[in-house]
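Protein chains in written order, with the working numbering: chain A, 235 to 552; chain B, 235 to 552; chain C, 3 to 267; chain D, 3 to 267; chain E, 6 to 339; chain F, 6 to 339.
Treat the hints as calculated values from the structure; they're not laboratory data.
What you are looking at is a predicted structure, and each value in this text was computed from that prediction instead of being measured.
Fair warning: there could be bad hints in the mix.
Unchecked claim - Pairwise CB distance ranges (calculated): (1) A/ASP436 x E/GLY276: 21 to 27 Å; (2) F/ARG144 x A/ASP306: 51 to 57 Å; (3) F/LEU116 x B/THR425: 46 to 52 Å; (4) D/HIS264 x A/ASN322: 50 to 56 Å; (5) F/PHE59 x B/TYR546: 24 to 30 Å.
Said to hold, decoys possible - Within a straight-line C-alpha distance of at most 20 Å, the following computed EDC-like cross-link-like pairs (lysine to aspartate or glutamate) qualify: (6) D/LYS209 x F/ASP199; (7) B/LYS430 x F/ASP199; (8) B/LYS240 x E/ASP316; (9) B/LYS418 x A/ASP301; (10) A/LYS255 x F/GLU254; (11) E/LYS330 x B/GLU478; (12) C/LYS83 x C/ASP24; (13) D/LYS163 x D/ASP133; (14) F/LYS282 x D/ASP267; (15) E/LYS141 x E/ASP199.
Said to hold, decoys possible - One side of the interface only, derived from the structure: several residues of chain C facing chain E at Cβ under 7 Å: (16) TYR50; (17) TYR229; (18) LYS232.
Glycine residues also receive a C-beta, built at the ideal position from the N, C-alpha and C atoms.
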Amino acid sequence: MDINTKKVTKNAYRITKQRYKTALRVRVPGGRLKAEYLEILQKIADEYGDGDLHLTTRQGFEITGIDMDKIDEVNAIIQPVIEGLEINQINPNTGYTAAGTRNICACIGNRVCPKAQYETSGFAKRIEQAIFPNDFHVKVALTGCPNDCIKVRMHDFGIIGMTLPQYDKQRCVSCGRCVEKCTKLSTGALTMENYKVTREHDKCIGCGECVLNCPTNAWTRNEEKFYRLAIMGRTGKKNPRLAEDFILWIDEDSIIKIIKNTYDYIGEYIDRSLPKEHIGYIVDRTGFIEYKKWALKDVELSPMAKVASNIYWGGIRY
Amino acid sequence: MDINTKKVTKNAYRITKQRYKTALRVRVPGGRLKAEYLEILQKIADEYGDGDLHLTTRQGFEITGIDMDKIDEVNAIIQPVIEGLEINQINPNTGYTAAGTRNICACIGNRVCPKAQYETSGFAKRIEQAIFPNDFHVKVALTGCPNDCIKVRMHDFGIIGMTLPQYDKQRCVSCGRCVEKCTKLSTGALTMENYKVTREHDKCIGCGECVLNCPTNAWTRNEEKFYRLAIMGRTGKKNPRLAEDFILWIDEDSIIKIIKNTYDYIGEYIDRSLPKEHIGYIVDRTGFIEYKKWALKDVELSPMAKVASNIYWGGIRY
Amino acid sequence: MIDTNVYMPIKSNIMEIIQHTDVEYTFRMAYKGEVKPGQFFEVSIPKYGECPISVSGIGEEFIDFTIRRVGKVTDELHKFKVGDIFFIRGPYGNGFHMDDYKNKEVIIVAGGSGLAPVKGIIDIIHQQPKDYEGFNLLVGFKSPDDILFKEELKIWNEDLKLILTVDGAKEDYRGKVGLVTQYVDDIIIKNMDNVAIIIVGPPMMMKFTVEAFLKRGVACENIWVSYERKMHCGIGKCGHCRMDDTYICLDGPVFNFSKAKHLYD
Amino acid sequence: MIDTNVYMPIKSNIMEIIQHTDVEYTFRMAYKGEVKPGQFFEVSIPKYGECPISVSGIGEEFIDFTIRRVGKVTDELHKFKVGDIFFIRGPYGNGFHMDDYKNKEVIIVAGGSGLAPVKGIIDIIHQQPKDYEGFNLLVGFKSPDDILFKEELKIWNEDLKLILTVDGAKEDYRGKVGLVTQYVDDIIIKNMDNVAIIIVGPPMMMKFTVEAFLKRGVACENIWVSYERKMHCGIGKCGHCRMDDTYICLDGPVFNFSKAKHLYD
Amino acid sequence: MKIEISKEDFNKSLHRLGDEYRIYAPVAMAYKGTFSDTDSIRYKEINTLDEIEFNLKSHFSPKEVILPITQVLFYFTEDQYKEPETEKKKLLVFLRACDIHAVKRMDQIYLENGQRDPYYQEVRDTVKFVLIGCEKSYRNCFCVSMGTNKTEDYSLGIKPVGDQVLLDIKDEELNAYFFGEEKDFEMNYVTSNDIKVLIPEPHQIAKDIAEAPLWREYDERCVACGKCNFVCSTCTCFRMQDIFYKDNENNGERRRVWASCQVDGYTDMAGGHSFRKRHGDRMRYKVLHKVYDYNKRFGYHMCVGCGRCDDACPQYISFSTCVNKLHDLGKEER
Amino acid sequence: MKIEISKEDFNKSLHRLGDEYRIYAPVAMAYKGTFSDTDSIRYKEINTLDEIEFNLKSHFSPKEVILPITQVLFYFTEDQYKEPETEKKKLLVFLRACDIHAVKRMDQIYLENGQRDPYYQEVRDTVKFVLIGCEKSYRNCFCVSMGTNKTEDYSLGIKPVGDQVLLDIKDEELNAYFFGEEKDFEMNYVTSNDIKVLIPEPHQIAKDIAEAPLWREYDERCVACGKCNFVCSTCTCFRMQDIFYKDNENNGERRRVWASCQVDGYTDMAGGHSFRKRHGDRMRYKVLHKVYDYNKRFGYHMCVGCGRCDDACPQYISFSTCVNKLHDLGKEER
């Protein structure tokens with residue numbers, strides 16, 4: 235059997251340890267799916283795979299033990315899932331079109347989680363529509379709040395919900411709960427002065443604990459959605475590192491534009507001699523300042539947005 | 235309806251944003267499950283939930299939109315999954331016994347992935363058996379190799395597979411592939427000298443790229459399994475940080491013993507006035523040295539193991 | 003605004019300031035009007051706040067407030083000098099009905115600043131001892147440095163049966179040492195049915211002192227206490243001083259113990 | 003070990019060293035035995051290695067190696083002095099059959115160090131020009147500094163039809179400039195059927211020079227080339243010099259172009 | 006007088022009323038809920054009928070209209086006390102039966118428990134109530150158990166039906182504003198709730214109820230956030246606050262703000278002593294006030310059964326469940 | 006002579022043979038595979054039958070036994086050349102039919118293409134082959150297409166059956182070691198493979214085959230790791246290496262080690278020029294050697310169809326598929 239491994243992996247199948255067996259990675263953008271699709275996954279696992287599934291590290295299912303020569307058949311069966319999850323696909327019944335840009339992950343977000351500032355899966359799908367399919371190796375993750383359950387700080391683009399708390403001092407009863415919670419759970423951006431609360435904007439990470447804990451609705455959320463965009467975090471052998479803040483209080487459209495711009499930047503700078511070069515290493519090569527120039531091209535940030543003038547990544551170096 | 239939220243959450247149900255609706259978190263230790271269980275999840279989602287599932291950030295399914303007064307019924311239905319996944323449970327048909335210690339996550343490991351050094355799900359299950367059920371908030375993750383797809387460096391215990399490469403210089407043809415791969419993909423621990431390869435042990439992270447890429451099997455793996463144990467990484471509002479290396483070239487049994495010891499340490503030092511104190515913050519309070527004393531109690535490390543004398547965590551501070 | 007604003011205080015001149023300890027002073031304020039021992043005023047300094055203070059002395063044209071520095075308002079008050087003005091509204095509460103104690107063996111047990119609200123009663127009894135079958139005064143302070151009304155205590159010590167004790171003191175202290183409860187049994191009660199016991203002080207001191215007298219066989223009805231709670235308004239609105247169906251500011255702070263024993267926080 | 007080890011080299015004395023450029027020297031080595039121009043030896047220094055070197059001069063009791071410093075062995079060789087010893091094994095390969103060129107119009111085109119393997123032929127023709135219908139020598143080097151065999155070239159220039167060119171030079175250089183291919187048409191060929199053209203040099207130079215002659219109408223059969231490849235063993239084992247079914251070390255390095263044109267890497 | 010008018014005409018009337026009245030009603034304020042992308046339904050000045058949230062129970066009660074959360078008592082100019090300007094407009098408040106009953110509880114404290122509160126009195130004198138009938142009982146409501154499901158004590162009853170509005174005008178003064186066809190109708194009110202509360206008779210409450218193990222459950226569960234008090238239509242506690250203006254230290258003000266018996270600091274006395282540190286004791290203090298202590302003092306229950314405390318508790322502690330437990334305890338002890 | 010002996014007796018014989026022979030056979034070496042927790046099946050000195058992996062195809066061929074991966078040619082003591090000591094024992098190698106055919110290819114190069122290689126000759130003179138018959142064809146095998154599925158060229162044929170071992174002793178010398186009952190049997194060999202390879206006739210290979218677009222596919226796919234060469238039983242290229250000993254610079258050695266025409270550096274010449282930079286060209290160089298060039302020179306195909314190159318390629322490049330493509334190309338061009 236002669237197999238073009240690059241085509242296989244691009245098609246979201248893996249070259250596994252077991253020769254001539256592959257594994258299909260069914261990605262679920264934003265992590266949310268209708269239960270009815272489980273039936274299809276089960277069918278593939280039982281009829282084509284080894285009956286097992288692995289829940290991937292990026293919110294997907296990896297159906298293991300599929301014979302490589304069954305890829306076309308499996309692609310036909312998985313089609314309703316691809317369609318149902320609104321995956322951008324170029325040719326129907328041929329499976330995934332590309333697997334370079336990884337599944338866009340999202341914590342459960344504000345459909346369920348009280349801490350979340352926005353509907354993460356929905357935003358994930360918007361980004362999905364904007365950037366898929368794409369061969370460049372880019373990882374995007376969205377988290378509803380700075381608790382960061384999805385670990386966006388190990389992604390190329392980490393999107394963290396921020397709320398801009400609104401304070402109605404007439405409603406404040408000086409109970410001090412917001413100050414206490416902000417101090418204990420968050421960054422201590424609130425202080426009580428003259429029985430009313432002062433918020434230090436530069437310290438505030440927009441976590442919303444003040445709103446969540448205010449018993450009188452003196453603290454409420456802004457109608458506008460804001461985000462913290464942290465970039466170029468990564469795991470890996472050489473230099474695992476945390477994503478660092480690029481833009482605070484950024485809006486949704488600007489984030490999408492920046493990610494799209496980043497693909498242009500990659501196209502310009504990627505070292506095509508390597509099997510795949512991750513965006514973080516490209517930025518290491520060109521320097522952040524060059525990246526920033528590309529990323530912010532034609533991006534119109536609101537006056538609220540605060541852009542890092544430079545970023546110095548840390549992390550562990552081996 | 236009067237609900238003891240602590241009991242609900244301990245039972246692995248969530249207090250959601252939508253009042254009187256809960257969500258069941260079905261955790262899959264090590265991420266691997268038989269496809270047949272999907273049927274049960276689908277049933278719960280369709281009959282009790284809102285028909286949707288969310289793939290959690292820790293390799294589980296969150297079945298959303300369940301009425302809180304249906305918890306007992308759902309617990310009965312989910313029982314085969316709990317049993318099938320060999321979850322330690324105190325009373326059958328009462329759902330999960332505790333949800334404090336989080337699902338033990340694992341990348342797909344060496345059942346499938348060529349890069350993995352060990353069977354991650356199996357080791358995950360061993361740890362599961364040793365520490366569950368438990369209310370203390372501890373996060374453990376296992377990754378097959380230092381590529382760290384599961385992002386163990388954002389966990390309290392990050393277990394990274396390491397192989398101790400064995401070099402048969404008679405088989406080496408000086409093709410230089412191992413040196414090239416080690417330099418480009420890994421830490422550059424290999425150098426070519428007199429047409430044969432020298433490995434700098436302190437630089438070697440045991441990723442196995444040399445073995446994977448050696449065309450003659452001059453590089454092979456040791457039969458013994460080794461691990462890198464990195465500890466006290468975390469996400470969060472105040473100080474997201476990477477787990478730092480605690481012990482290199484550690485064995486499986488010692489890891490389990492250390493984790494168990496850590497629970498004793500938590501029992502001794504946790505601040506019970508807080509809703510839940512994460513282990514990382516306890517270590518912040520007592521200092522690493524005190525933690526280390528507890529963690530290594532009665533642990534018999536092999537001479538290979540290299541223990542950090544002290545750890546200074548970094549990360550971002552807000 | 004409506005005609006009478008019950009929250010509006012009146013100005014009062016400081017006539018005299020007596021320092022008891024480092025942190026406790028008695029302010030003698032110009033005041034005309036009927037006031038009973040045990041009643042309290044809301045004493046206020048604009049922009050600093052109000053606090054309920056019992057009257058510790060009552061004269062024709064003055065009232066005394068013995069004030070401990072424990073917060074924003076009282077800290078500020080202690081900067082004031084004779085001739086300065088501050089604001090008061092009151093009197094509030096029921097105070098002690100002297101009629102209840104007439105012709106009885108009166109025993110007053112005061113702990114710390116609890117001496118202030120009963121000082122008016124002591125003064126009355128001290129002035130007209132004949133109206134009472136007997137009078138015992140048992141006063142406790144934390145330490146010798148905390149003793150209030152030292153001058154008065156000297157005089158009372160000469161004229162009255164006074165036991166003065168401190169919870170603790172340096173070795174060279176020559177007075178009595180120990181909690182007031184230790185001295186309850188030293189007080190001679192001639193007729194258990196004709197005794198009137200007034201107990202004022204910190205909550206724990208009151209609780210145990212009451213118990214000590216009950217143990218000696220004194221009936222609830224013969225014990226009076228004065229409760230201190232956080233009274234923001236003094237007029238039954240703010241709710242803070244409520245204990246079950248009782249508002250301390252309206253219905254107290256002085257209670258016969260037969261009532262008080264049913265009050266719970 | 004078996005009786006004869008073909009990998010075992012023999013010692014050879016350095017009789018003379020002639021420096022051509024900064025990095026190119028000719029070593030005259032003591033050697034007796036039959037050697038043809040175009041053949042090569044594996045020259046070796048223990049612990050440094052072996053490398054295939056063409057003979058650039060052949061005498062009764064010597065052979066010349068013109069060696070460019072390009073690696074471990076040659077770097078080391080260049081440290082050697084007259085009287086020092088190094089090791090050689092050979093000769094390998096077929097070399098040039100002078101019979102093929104007898105009574106023909108011989109044209110030799112050499113590029114850079116490609117002059118070395120043909121120098122033996124030039125010497126022969128130079129010595130016995132009557133045996134040939136004519137002789138043209140076209141030699142190219144990268145720059146004036148790279149010119150090899152300067153002394154010989156001077157002599158040849160007097161006795162033979164020589165075109166010496168360099169790819170590039172500073173403005174004050176007074177010799178010819180340009181690739182050898184530019185000068186191919188300057189060579190007069192009297193009889194296309196009786197011409198023998200020998201082309202040796204870098205792969206690209208050979209390719210285009212051959213093309214230039216073919217274009218002029220020279221038949222493949224009248225062209226000879228010498229190919230250089232990486233020859234580890236020299237004896238048809240190591241495989242590196244193989245081109246399709248041909249081993250350069252065994253079947254070459256000299257090929258008539260009618261054969262060579264079918265060789266592909 | 007009962008009439009029917011069109012929504013359009015009603016809005017015109019509202020507009021005219023606006024000259025004299027500030028009109029408050031429950032409004033679903035988008036994005037203002039505790040959780041992201043949720044509404045907060047609370048009282049707000051309105052101009053038209055459509056702004057009013059008729060279908061859902063408001064999260065906060067109308068008490069904040071007549072008893073502001075923060076209310077300045079005095080402005081200080083150096084040492085002078087100056088009362089705030091009197092509000093010139095009257096108030097019209099849309100609210101439900103239980104909330105009208107709750108006003109009676111506020112009146113009890115502010116007007117009748119000791120001296121009259123002049124600030125409250127001033128507002129109270131100008132306020133007129135518009136009853137929103139309840140078509141259905143909401144989750145956690147137990148007004149029927151408390152007898153607060155129905156009221157006649159309103160100036161105007163309103164019943165929107167399609168594009169029409171039925172009005173029951175009881176306050177003559179309002180006749181001048183609304184002109185429509187007379188039409189008889191009954192105001193909606195609920196006659197039963199899903200939640201039924203049995204309140205122990207006073208004698209069923211043991212003297213040592215404070216010691217009952219019942220409360221201990223809440224030590225752990227209650228987080229003492231005070232939401233139950235702040236959403237309650239009958240809680241009336243406040244605290245006083247004096248401040249300097251940061252911009253001019255010579256001036257300042259004295260305010261009162263709502264207080265909660267559940268929140269830390271409620272019982273703190275100068276000097277540091279405080280009572281009811283255990284959250285279960287605070288729960289007991291609150292619960293008994295609503296269904297026992299208040300009744301003992303004033304002869305009727307404080308709680309009106311709106312269930313907002315249950316709606317609001319982040320720990321899902323149910324007041325009604327607790328009262329029923331109290332009742333069961335009373336039965337056991339009988 | 007064909008005999009049957011018990012495994013036990015066979016092992017005893019092996020033991021005795023061990024005095025004179027080093028015995029090599031394919032062994033499944035646990036944990037030594039490319040991937041973790043996998044075996045590597047390759048040649049190793051053995052003592053008993055049970056150590057031999059009979060059921061699977063070895064990953065590496067037996068060629069490493071007779072043509073060591075690293076082989077010292079000379080030891081240098083200062084400037085002296087010293088040949089290594091001669092190995093005293095003879096060799097007995099267990100292998101399959103295709104691999105025996107492969108030995109002929111090695112012989113061709115090392116003994117007949119130019120001068121004889123003395124190092125190879127020395128080993129070759131002492132080696133005897135034990136044929137392991139093939140019960141079945143393995144994945145990627147195409148020996149039948151290459152005519153290498155069967156051989157008679159062995160000293161001993163072995164066929165383990167249950168606890169017995171059937172032996173076909175062809176080398177008289179070995180008769181002295183094995184004593185059993187005579188029993189006739191046939192050695193196993195496969196008569197068909199799943200993979201069939203059609204090899205173009207020499208005339209079907211176009212002269213400009215190097216320019217065929219076919220190869221370009223491999224430019225991208227092939228990673229030039231050389232595994233196909235190193236596992237191949239017929240690849241024989243080597244390179245020479247001279248070294249100083251790190252411990253004593255005066256001494257050193259000259260070795261030869263296997264080389265691969267797929268790996269970078271294979272064609273590098275002193276001075277920097279190199280050929281076949283494109284991986285597809287290297288693929289072409291290898292493929293044509295196996296089924297065209299070698300045949301042109303020696304009259305039979307180099308490839309023996311063991312399929313190890315296909316087994317080993319990390320990029321799943323199939324040699325046999327490529328040869329078939331080449332064949333199809335030849336057909337098209339006819």
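Verification of the hints:
1. About 38 Å separates the C-beta atoms of A/ASP436 and E/GLY276, a value inconsistent with the hinted range of 21 to 27 Å.
2. A hinted range of 51 to 57 Å is violated for the C-beta pair F/ARG144 and A/ASP306, which are about 20 Å apart.
3. With their beta carbons about 38 Å apart, F/LEU116 and B/THR425 fall outside the hinted range of 46 to 52 Å.
4. A beta carbon spacing of about 52 Å between D/HIS264 and A/ASN322 agrees with the range 50 to 56 Å that was offered as a hint.
5. Between F/PHE59 and B/TYR546 the CB atoms are about 57 Å apart, so this pair departs from the stated range of 24 to 30 Å.
6. In summary, the hint linking D/LYS209 to F/ASP199 is not supported, as the alpha carbons are separated by about 45 Å, beyond the 20 Å threshold.
7. For a cut-off of 20 Å, the pair hint linking B/LYS430 to F/ASP199 is broken: about 40 Å separates their Cα positions.
8. Proximity of B/LYS240 to E/ASP316 is assessed by CA-CA distance (about 18 Å); at most 20 Å being required, the pair is judged to hold.
9. Annotation: proposed proximity of B/LYS418 to A/ASP301 is violated, straight-line Cα distance about 32 Å (limit 20 Å).
10. With a C-alpha separation of about 51 Å, the suggested pairing of A/LYS255 with F/GLU254 is violated against the 20 Å cut-off.
11. For the given pair, E/LYS330 sits about 52 Å from B/GLU478 by alpha-carbon distance, which is inconsistent with the 20 Å threshold.
12. Between C/LYS83 and C/ASP24, the direct Cα distance comes to roughly 16 Å. Compliance with the 20 Å bound is thereby established for this hinted pair.
13. With a C-alpha separation of about 16 Å, the suggested pairing of D/LYS163 with D/ASP133 holds against the 20 Å cut-off.
14. Straight-line distance between C-alpha atoms of F/LYS282 and D/ASP267 comes to about 11 Å, which keeps the hinted pair within the 20 Å bound.
15. Distance hint between E/LYS141 and E/ASP199 is fulfilled; the C-alpha atoms sit about 10 Å from each other, no more than 20 Å.
16. With a cut of 7 Å, the hint placing C/TYR50 at the interface with chain E holds, because the nearest CB-to-CB distance is about 5 Å.
17. Because the smallest distance between the Cβ of C/TYR229 and any Cβ of chain E comes to about 11 Å, over 7 Å, the interface hint for this residue is violated.
18. Below 7 Å, beta-carbon pairs count as interface contacts, and C/LYS232 has one with chain E at about 5 Å; its hint therefore holds.
Of the numbered hints listed earlier, those contradicted by the structure are 1, 2, 3, 5, 6, 7, 9, 10, 11, 17.
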